[in-house]
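Enquirer: Sequence:
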Amino acid sequence: MGLLYGEDRKADALLCPDPQLTSMLFAAHGDIHWRDDSGHTPLTFAAHIGYAAGVRWLIEQRAEVNGTAADGRTALNYATHYRFEPVVQTVYAKFLITTT
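UniProt numbering numbers the first residue of the sequence shown as 1 and each following residue consecutively.
Keep in mind that a hint or two might mislead.
Cβ-Cβ distance ranges computed for the label pairs, FRET-style [unchecked claim]:
{"#": "1", "residue 1": "ALA70", "residue 2": "GLN20", "range": "28 to 36 angstroms"}
{"#": "2", "residue 1": "ALA53", "residue 2": "ILE97", "range": "16 to 24 angstroms"}
{"#": "3", "residue 1": "HIS81", "residue 2": "MET24", "range": "28 to 36 angstroms"}
Simulated from the structure, these hints should not be mistaken for laboratory data.
Each residue gets a CB set at the ideal place from its N, CA and C atoms; glycine is no exception.
Start from the sequences, fold in the hints, and give me the full structure.
Expert: Structure, rendered in structure tokens:
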């Protein structure tokens, strides 16, 4: 996965622990819907590494919660697979809102 190795400035923005700085970095370097060379969106990447604050921020910015990576998995799939409970709860709550 390209993002894990810091090959993209957008990944730096996503991994930033400060939501305000994250917002500024994304404004400077791109949007929340971009995909890396593995097909990951910022949301699927944040869910894959268990970064709950990043997931929350991306959902607040209207990232597509049902978007899939190249392997067909969604943020919820990654969070569930790796048992990142706070991420599962955040994504699932948004999923329920968007599907009802």
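Enquirer: Could you work out which earlier hints the structure fails to respect and list their numbers in ascending sequence?
Expert: none
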